[in-house]
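Please model the entire structure based on the sequences and the hints provided.
Chains as they are written, first to last, in this note's numbering: chain A, 1 to 340; chain B, 1 to 340; chain C, 1 to 637; chain D, 1 to 637.
Calculated directly from the structure, the hints in this document are not laboratory data. Don't take each hint at face value.
Here are the simulated SDA-like cross-link-like pairs (lysine to any residue), alpha carbons at most 25 Å apart as the crow flies [claimed, not checked]: (1) B:K11 with D:K209; (2) B:K332 with C:W205; (3) C:K209 with B:P289; (4) B:K333 with C:I203; (5) B:K333 with C:S212; (6) B:K11 with C:K533; (7) C:K209 with A:K32; (8) D:K621 with C:S498; (9) B:K333 with C:K533; (10) B:K11 with C:T494; (11) B:K32 with C:H483; (12) A:K32 with C:A75; (13) D:K209 with A:A329; (14) D:K137 with C:S498; (15) A:K133 with C:T494; (16) A:K332 with D:A445; (17) A:K333 with D:L274; (18) B:K328 with C:P252; (19) A:K328 with D:P201; (20) C:K533 with D:L606; (21) B:K332 with C:S498.
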Amino acid sequence: MNKPVTKLSPKDFATDQEVRWCPGCGDYAILKAVQKTLADIEARPENTVFVSGIGCSSRFPYYMATYGFHTIHGRAPAFATGIKLANPNLDVWLVTGDGDGLSIGGNHLLHVLRRNVDLQVLLFNNEIYGLTKGQYSPTSHIGTRSPSTPYGSVDAPVSPCAFALGAGARFIARGIDTGQKQLPGILARAHAHKGASFVEIFQNCIVYNDGVFNDFTEKAAAADAQLHVEHGKPMIFGKDGNKGLRLKQDRFEIEVVTIGENGVTEDDILVHDETNAALAHLLFTLPHPAFPVVLGVIYCNPAPASYESAVHAQIDAVKAERRTADLKAVLKKGRTWEVR
Amino acid sequence: MNKPVTKLSPKDFATDQEVRWCPGCGDYAILKAVQKTLADIEARPENTVFVSGIGCSSRFPYYMATYGFHTIHGRAPAFATGIKLANPNLDVWLVTGDGDGLSIGGNHLLHVLRRNVDLQVLLFNNEIYGLTKGQYSPTSHIGTRSPSTPYGSVDAPVSPCAFALGAGARFIARGIDTGQKQLPGILARAHAHKGASFVEIFQNCIVYNDGVFNDFTEKAAAADAQLHVEHGKPMIFGKDGNKGLRLKQDRFEIEVVTIGENGVTEDDILVHDETNAALAHLLFTLPHPAFPVVLGVIYCNPAPASYESAVHAQIDAVKAERRTADLKAVLKKGRTWEVR
Amino acid sequence: MTIPQVSEGQAVMNLEKAVRHDGEMGALESVVIRFAGDSGDGMQLTGSQFTVATALEGSDLATFPDFPAEIRAPAGTTFGVSAYQINFGSSRVLTAGDAPDVLVAMNPAALKVNLGDLRESGMVVVDTGAFTDKNLKKAGYDSNPLEDDTLAKYQTLELNLSQLTLESVKDFGLSQKEALRCKNMWTLGLMLWMFDRKRQPIIEWLETKFASRPEIAKANIAALNAGHAYGETAELSGALKRYSIGKAELEPGIYRTVTGGQAVAWGLVAGAQLAGLQLFFGSYPITPASPVLHHLSGMKEFGVITFQAEDEIAAVCAAIGASYAGALGVTSSSGPGVALKGEALGLAVSTELPLVVINTQRAGPSTGLPTKTEQSDLYQALFGRNGDAPIPVLAAATPADCFDLAIEAVRIATKYMTPVILLTDGYIANAAEPWRLPDLDSLEAFPVKFTTPEEAEGFYPFRRDEKTLARNWAVPGTPGLMHRIGGIEKSYDTGHISYDPANHQRMTEVRRDKILGIANDIPLQTVSTGEEKGKLAIVGWGSTYGAIQQAVRKARVEGYDVSHIHLRHLWPLPRNLGELLSGFEQVIVPEMNTGQLVNLLRAQYLIPAEPVNKISGQPFKIAEILDVIRARLGGAQ
Amino acid sequence: MTIPQVSEGQAVMNLEKAVRHDGEMGALESVVIRFAGDSGDGMQLTGSQFTVATALEGSDLATFPDFPAEIRAPAGTTFGVSAYQINFGSSRVLTAGDAPDVLVAMNPAALKVNLGDLRESGMVVVDTGAFTDKNLKKAGYDSNPLEDDTLAKYQTLELNLSQLTLESVKDFGLSQKEALRCKNMWTLGLMLWMFDRKRQPIIEWLETKFASRPEIAKANIAALNAGHAYGETAELSGALKRYSIGKAELEPGIYRTVTGGQAVAWGLVAGAQLAGLQLFFGSYPITPASPVLHHLSGMKEFGVITFQAEDEIAAVCAAIGASYAGALGVTSSSGPGVALKGEALGLAVSTELPLVVINTQRAGPSTGLPTKTEQSDLYQALFGRNGDAPIPVLAAATPADCFDLAIEAVRIATKYMTPVILLTDGYIANAAEPWRLPDLDSLEAFPVKFTTPEEAEGFYPFRRDEKTLARNWAVPGTPGLMHRIGGIEKSYDTGHISYDPANHQRMTEVRRDKILGIANDIPLQTVSTGEEKGKLAIVGWGSTYGAIQQAVRKARVEGYDVSHIHLRHLWPLPRNLGELLSGFEQVIVPEMNTGQLVNLLRAQYLIPAEPVNKISGQPFKIAEILDVIRARLGGAQ
Ligand SMILES: Cc1ncc(C[n+]2csc(CCOP(=O)(O)OP(=O)(O)O)c2C)c(N)n1
Ligand SMILES: Cc1ncc(C[n+]2csc(CCOP(=O)(O)OP(=O)(O)O)c2C)c(N)n1
Ligand code: SF4
Ligand code: SF4
Ligand SMILES: [Mg+2]
Ligand SMILES: [Mg+2]
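Below, the structure is given as structure tokens:
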């Protein structure tokens, strides 16, 4: 049942349920990319489960013709862990938002990542609480005016990817809702990674936070404001393909340089190493606009085993060693006596 | 009332309550260090509040002759935030454990750190749940045998400091329970830092996890296994003071070198920069024993304002602008009509 | 100006047919209008502006906004329909009305969802321009209801609102999309004309709202005027009739409309002022509780600290922390969020710190129906904690009552050093009603007295006031009173941790008795309508007030021996309640749940109180209660 | 070998004085011993080994371990005292005994804390070696109780246990500290001698336990033997007497001792086997619930998945997730942890997934007294959720009953697709009692039937079984049955999200009716002791079983017309319960809380049931219940 019988198309992963997002919401584009990814990787609908919390983003499972569980706010990682432990053969995708995943659900996200449960976490970051009508979220920049912060927010936002790294995630990637060219590839790699994969997707909320990512997502700005990294390739960007990141001499820091200026050549450009965690931290937190926003698979460093496989390996080992599982014998273990 | 009347001694910060930790518990040493720190920094008992969750570590407030709130499991950061917001003049210390702070309480820890509430978080890491009799914790290394993991744990531990960094903490330090020489200094700096300070303290649980840190805390091993960093100083360690960390050529990585060998001189040794987050991530996660365990103030990079000060500044600004706060006027705002 | 296109076969619209009127031709005692359309059609705005205009006219009124869970559901779908109902009249209006007299349906989906509620021979106003094949299909209509006999029972006013609107604003250079957005103002203009309400307040509001885009303001005003003018023309042609609704006889005073969300916020601010405390409000957004957070976030000039926490647990814990530090800690949520606060509430009970918890209930269980109303969290409020952890529970009957009870919650919390739960619901939170502004100066203050350094001698944190049994409140920062508290049992005599069995018994009892004692400090239970004894008592709580009140009034007019008793204090119960209820042969408890208060009353007083339950996410109708009364008491007496 | 140092003025120890005996000199019907000492003195081990030896002797028995919250409180303090009580005898023993006949006090603090409970003229065994000035002071004694008249009312056996022990193990080369650790075995040896129990099982246990340190094993065995020999010598000298306790008449079978923690774990494994499901156990450590986690963690050969979650919310959510994926999801905690699960339980109710929730109750509110017992979470179990979210609730009466009810919980959860809450408490969880091993083969299986691909035609996830009203269970991985579920209200007919008012009413009612219908699938309520009608019924639930049962038996012997009714199904209640209770003139409900079941019964049946409450963190004593019966029914009839 794991082998595809016929090749499915993206449309085969769409349900007949009416999609209930606002017209123009970035979620539509992500839905499209995910459906394409599932077709690309030849996923079987019956072995695929989409799990989500609560939020606009978390309505996602209703639109996927797979199994789906729309749970409660912030707890999707815990449900997903239970599902994957109960049946490791299932292909589990977790959809969450910046509020669901990083506000109420931060702790579960931390633990599903550090335990390294083999599933994909897609965090739709629109820097706002969409479903509850636009309050600021833990990823909103300082000064965000919202119904609960009419004078502007004062708390510093968290970087989802830096958080994931601190939590011990071993696959961290970043994409953009409208990046239909890149997104399916990133998602396919997340899926291929054995262990917990974390993908932050910048998503435009057209109603409550429209254009918040424009400075790096708008066509005109994109090339200079985005750096798409690839393992083993120099970190070059810019519309003329001549900007790059270079290691500073004797400092554990990097800088933006222009190839061809001040004697800089392509050889000076730092080559991306997706297994380097310190570099990943740096790339996640580069200040924009001084630096570009880094996209793609930024960190990937698989562990020897994913959590559910280790759990089952242990169970199997004990089973093999004990050979029988006899409850009667367990009850009789220790001191017993007979009354006649 | 903020100025000390007479200089208090460490003993003045001790209560008459019988201390209820196991004999030999590392918590005693930390208590001593904290009491010394409060005397050193001339803290006023009436302006000092110790807040904790639940765990052996969280019994701490009972032994401090200050105000104290022993709350519920994992939630101390939230209580502390409320306290500090309600009265920013209070000096708030938060005591938590690896279970309290990183298992059930991970989310609140994340948010108190990213919000940057001006308080000190002391996380006593004994890599075990002491109070509930020895189950493994989120910091226990893989393979830990405990009542709930009789065949050994399989989940990867989280690094408290890396987590704190990912959460956006702007002061992160590390110490050892028995490090009476270093600890008060570290705590005093944590106190001086305006914003949330995070201090991980390795603490020996003599009953359930005795000796788990021995490989770097035991006298014989300490010098070679510990690196005490100081901002602006080269990262040198070892009983002969001749080992150090060096930046690898053209790689965003470091290595251990010996001064005097292979032409290495002190100048080659990387100078510690406590404002460098990527470096901090690296130092937090250096694999031991290949690298030393890094101690001291590893990251300190203050933000322009702490959370509670920003909150109150905003309130004050609105007050100043509006001048009056007249509820009658508020009620009358908008459409009213009179019935006679 | 086009000529009214009154649908074929219809004579003059004749609302009086089934509406009570007060003699004079065209003058009605009360009318119920429901505005329904797509989420994007601006029905909530239309409704609330009609409400303002109506309130200014001196009518009594009640409203019921009913909107979908989706932010902006796809246009034209039934689940995307948003509605706003208003009941207004010259007599006392207590509910939004059982059945609309007039239904404004901006598209087929709105018609589909709402038509069933319209009273027989009521009036339907439809935008024919929206009855396209596509929209009909989206709404699930097989044939066009305007063309078959779907509307036969009703009076229909079929207008191409879209086209009429476009015409009215064509001079302002708006895009087609922007122009069409004015449709709701055109419709509002017509309704204002029909019920003789003034346009001026709406015009002013539009001018302020669109101050930065004057062309939008002008277009909307033009549409409003056009709708109004349309009515006048139609009247001249005899096709439409205009109605007047007299002023209601209300107590003299300054009035405004208020929603429960506003009233809670203002009540908390007033309560904090009366207690002399800084208000700390810790919350996490959730429908339908968020408006309280939003209102308070804008009141910084009162020194209100609003803290949008990472979750509901952090919200309540921060509020308890704030109370510990000497502020008035308040937290607010709806059912699923309150479920998360149970453990922390136990700590507030155990440490005896003041705290106000507001639960704006919604339909459950679990996520349930977030935008629909219900009263099913009473059990949770009374019992939803581990251990013996009694907490006083209050419930507001109307939007305006939220103000009074928020103050009462603060009073009890601070006087008795206890958490207090105030229950409202989605209906109360969003509905607007006229509110006579209270005389703030006449409210009795209840200033808190913190323990002072002078009282350090023999101080311990759990020393109690002999009368209230409240412990004293010593706040950090006070020299000489340093102490430690927590959730472990404390010695009655020293406040230190105590594992002594007899002490635990004593402390558990004193915590219980403290709360029970509050019964001596709250008003005796009165009867809202009817006699103090008799055949039948209808006992309600919360937002069922209006429906029960109207039903009982009507039943009494019909000659039934029935009384309405409405509880605002649900724990402890008023101390005369048992006696009062024992004076009735039958006690019926209507609730928007499967029966919760009814069991509390049965357990407390051993009376055979019986439940009447509605769990549809919709408020009770007057008729539903009236039917129960009639069924219970047989033919009219 | 030293000579017994029986304290001055004491004749031969004469336990019979106040102990029921069965004629033969030195033969007692039952005895209660309490071992008390510092946390470090190994009293729990001593007690449980005495229990094993006693069980093997064929006595009936019940135990009560009572230990401090501290892991290792400072030596010598009163709050560091750890105690283990055992009641054993030849007749049916159902409680750990009201008052010890023998108190073994290893230090002054242990004496101080426990002496008050000793029955008059009971026996005190003290270690004089521990009565140093320092220890006396730590225990809060102003003068040495061995020297003043503190012990005048009792028979005292003053032995320098420390010294006697050191002597007995001096040949094994232990450090002073290690040698002193054998003190508990010396004492155990003496007690084994005194009550004629065999040493061999203990010796075997010591050999296994210290297999890797044979010198420790040998020293402990030597100490055990020395204590035993001491008794023999003392008997010869006439200073001490030896007692025999006959075998109890128990049903034939193989027996072992079992604690509630073990029985729950095994019952869950058995239940999962009977259902044919993999057991998934998600939990977070908390006292006193952790033992279930610990036991199950060691049962991997049964394919049990134990998941120590990051918190209680994750634990229950993971369990629900596992159930969704086709395993049997179980979660377990104590009061404060269960408080955190309320929201998720609502989701399990709404999605109608099987789930078993075990609450090992402890004294609350809040953190309360973690190591003390209470029954104060019944309200939380019944009502602690938002919305109308009914859940079946079971409560175990004894440690062994935990096994049966764990199976019953699994049966109901899987048959009815519902969460089920099983209540135990700290007393049951830790107490040991003899348990006749059940015949596992005779247990009736209740295999779960997942929906199959063949049933895909017309499948929807909320299609119900007509009789049970349970929905079908289609698990991910099954081709053709892909579907989506969640916490929003679902259409009765399709399972899709539905905001339809009438549908919400219908779904709420079907969820209620499904649970109420379980009443037809559980045993009728029987009377444990006494007649089916009469003057007085004592209605209990949970761990009060033994105390009520013994009290009622005694009272009936005294001639009182009283019956004991014990509930194991608290929701839904057995369908004959109302009728049964109405047959009694008075109904009394003793609970270890301020009155929770009593209110449920009053609300359900309108009977004037009255509460008797004990909230001291300690189990009821037989005498306390007996006093209530006597007071209620006047002088003996
Ligand atoms: C326990 C609980 N608390 C609060 C809510 C209300 N709530 C629903 S979604 C949401 C935030 C959603 O934000 P995000 O995850 O960013 O999703 P988005 O709507 O932006 O996609 C909140 C606060 C809830 N449903 N349950
Ligand atoms: C809600 C809740 N869940 C669980 C517990 C039980 N509990 C108390 S302390 C603790 C873990 C403590 O571990 P840690 O924070 O590492 O403290 P330590 O005892 O090791 O110092 C747990 C699980 C509790 N008190 N409350
Ligand atoms: S509110 Fe924002 S995030 Fe939600 S559906 Fe609408 S556009 Fe998308
Ligand atoms: S159990 Fe461990 S952490 Fe707790 S007091 Fe004892 S030694 Fe310290
Ligand atoms: Mg969002
Ligand atoms: Mg710990």
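- Would you list, in rising numerical order, the hints stated earlier that this structure does not obey? 1, 3, 6, 7, 9, 15 and 21
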